[in-house]
Amino acid sequence: MRADTKDTLERLRALFANWVDDANTDVPWAFSVQVDNSRQDVAGAAPADGRAQTVPGTGRGPRPVPQLHLGGRLFARSRSADEIFVALASVLGGVLASQDTTRCWLALRAFARGDKAALADVQPAVMSADRSYARHGIAELPTWVVAVEPPSSNTASATIEVPPVLSGLDWSGAALTPPAANGLSYGLAGIVGIDPKSESGDQQDGFAAGPGQQLASFGARHPSAGWFVTVRQLVETGHAAFAPDRQAARNYILTWLEPDQ
Amino acid sequence: MQAASSNNTFTATDSPQAVEGIEIAVFEGEAVLFDERAAMVHHLGAVAGAAWMCCDGDTTVEAITAELAEIFHTSAADIEAAVADSLEQFAAEGLLVGYQGPTRFPLTPDPTLADDGTEVLVAPPDP
Chain A
1 MRADTKDTLE RLRALFANWV DDANTDVPWA FSVQVDNSRQ DVAGAAPADG
51 RAQTVPGTGR GPRPVPQLHL GGRLFARSRS ADEIFVALAS VLGGVLASQD
101 TTRCWLALRA FARGDKAALA DVQPAVMSAD RSYARHGIAE LPTWVVAVEP
151 PSSNTASATI EVPPVLSGLD WSGAALTPPA ANGLSYGLAG IVGIDPKSES
201 GDQQDGFAAG PGQQLASFGA RHPSAGWFVT VRQLVETGHA AFAPDRQAAR
251 NYILTWLEPD Q
Chain B
1001 MQAASSNNTF TATDSPQAVE GIEIAVFEGE AVLFDERAAM VHHLGAVAGA
1051 AWMCCDGDTT VEAITAELAE IFHTSAADIE AAVADSLEQF AAEGLLVGYQ
1101 GPTRFPLTPD PTLADDGTEV LVAPPDP
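Chains A and B are the protein sequences, given in the same order.
Take the first sequence: its letters are residues 1 to 261, numbered as in my numbering.
Take the second sequence: its letters are residues 1001 to 1127, numbered as in my numbering.
I should point out that these hints are in silico values taken from the structure, not numbers from a laboratory.
Wrong hints could be hidden among the right ones.
Taking CB as the label site, the calculated pair distances span [as the list claims (entries may be wrong)]:
no. : chain 1 : residue 1 : chain 2 : residue 2 : range
1   : B       : V1097     : A       : E236      : 25 to 33 angstroms
2   : B       : Q1017     : A       : S167      : 49 to 57 angstroms
3   : A       : A248      : B       : T1013     : 46 to 54 angstroms
4   : A       : A225      : B       : P1102     : 20 to 28 angstroms
5   : B       : G1057     : A       : G238      : 55 to 63 angstroms
6   : A       : A248      : B       : H1073     : 34 to 42 angstroms
7   : A       : G187      : B       : D1078     : 42 to 50 angstroms
8   : A       : S80       : B       : D1085     : 55 to 63 angstroms
9   : B       : A1076     : A       : A225      : 35 to 43 angstroms
10  : A       : P178      : B       : G1057     : 54 to 62 angstroms
11  : B       : E1028     : A       : A156      : 18 to 26 angstroms
12  : A       : D100      : B       : V1026     : 29 to 37 angstroms
13  : B       : A1081     : A       : A225      : 32 to 40 angstroms
For clarity, every value in this text was computed on a predicted model and none was experimentally measured.
Built from N, CA and C at the ideal position, the CB exists for glycine as well.
Can you build the whole structure from these sequences, using the hints too?
Here's what the structure looks like:
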């Protein structure tokens, strides 16, 4: 992990004390944690040993919002620094949980409202940090992966489960409030993707993926009969779609997560 | 077991049979097959989808062609090539009994191990 300040690094070490391994110092960082909004990172490559290099902020311009990056991807962004630590613990919990190959894990973005969630098969750069969701009471779940349980005789619709945060963390040592210990389950309300580009690279006008193409495209994301059945039900009930742009994709999610849907 | 190739053609009296365990979803004008053995999803057009439904091991190629000609309101001569092409594709993907699909080698890099032998997730792939 790469931290923006020494204080952040110490907090990370406290939280993940039971997991830290200082024996191997040649592991390049994969996560970047920035929670101190009063400082700016030094430009250039991050040091491999995880120690932060900073310069004092100039005091002018907007302050950076605490955020978590996974490689080049903005994974979580919040005005609460504590939520960034929770997001990191959630991501690592998902990395660990997804080692269970008996379950159907998918790396799709999940948006939840109440006990329902919708999945988005879109690149992060297209839909990251969309604050309009919050106005509708919808939150993007900061999770690495979700587990999908297909519909069965006991459940009319598929469900998704967000894996629990990484176990064995010292929340009190990092001055943090531990989140729910168990994973959260949601009814799967729909799945949306962004229209693919034509072979010429231009966005197709009037692109409308039929149900078969929807099922084939989404179904190919995971080679399991359970996922195929799940997507098939979503397609047949009109809860699968390809949107022409991010705004249209957002509208699908807002519709599917309406309280009376 | 035969390896499907462009040189293999079905005769009019052959009765192609779909392998077991293929999930199918049928929509108007298209169909989707899921082959869990090969972890493959196949999106079929109208003719290919209809041809697949006829691969029951009892219906000859000639009968399939005649049936599809009636379904699509055309002549057997006009739809024969499309039927033959569909059957060739099914055979090439190992979806028909007696035909072996392509051999696929999933790329799995050697894991980096920590001192205690557990695998180190050095840089999780960007989902």
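Here's how the hints hold up against the structure:
Checked against the hint of 25 to 33 angstroms, the pair V1097 of chain B and E236 of chain A passes, with Cβ atoms roughly 29 angstroms apart. Roughly 50 angstroms separates the CB atoms of Q1017 of chain B and S167 of chain A, a value that falls within the hinted 49 to 57 angstroms. The hinted range of 46 to 54 angstroms is satisfied by A248 of chain A and T1013 of chain B, whose Cβ atoms lie roughly 52 angstroms apart. Judged by the Cβ atoms, the range 20 to 28 angstroms given for A225 of chain A and P1102 of chain B holds: they are separated by roughly 21 angstroms.
At roughly 36 angstroms, the beta-carbon separation of G1057 of chain B and G238 of chain A lies outside the given 55 to 63 angstroms, and the hint is violated. At roughly 37 angstroms, the beta carbons of A248 of chain A and H1073 of chain B sit within the given window of 34 to 42 angstroms. Checked against the hint of 42 to 50 angstroms, the C-beta distance between G187 of chain A and D1078 of chain B comes to roughly 48 angstroms, which is consistent with it. About 59 angstroms separates the C-beta atoms of S80 of chain A and D1085 of chain B, a value consistent with the hinted range of 55 to 63 angstroms.
The hinted range of 35 to 43 angstroms is satisfied by A1076 of chain B and A225 of chain A, whose Cβ atoms lie roughly 36 angstroms apart. Between P178 of chain A and G1057 of chain B the C-beta distance comes to about 59 angstroms, which sits within the given range of 54 to 62 angstroms. For E1028 of chain B and A156 of chain A, the Cβ-Cβ distance of about 25 angstroms falls inside the hinted range of 18 to 26 angstroms, so the restraint holds. At roughly 33 angstroms, the beta-carbon separation of D100 of chain A and V1026 of chain B lies within the given 29 to 37 angstroms, and the hint holds.
At about 33 angstroms, the CB distance of A1081 of chain B to A225 of chain A agrees with the hint of 32 to 40 angstroms.
The structure fails to meet hint 5 from the earlier list, while all remaining hints are met.
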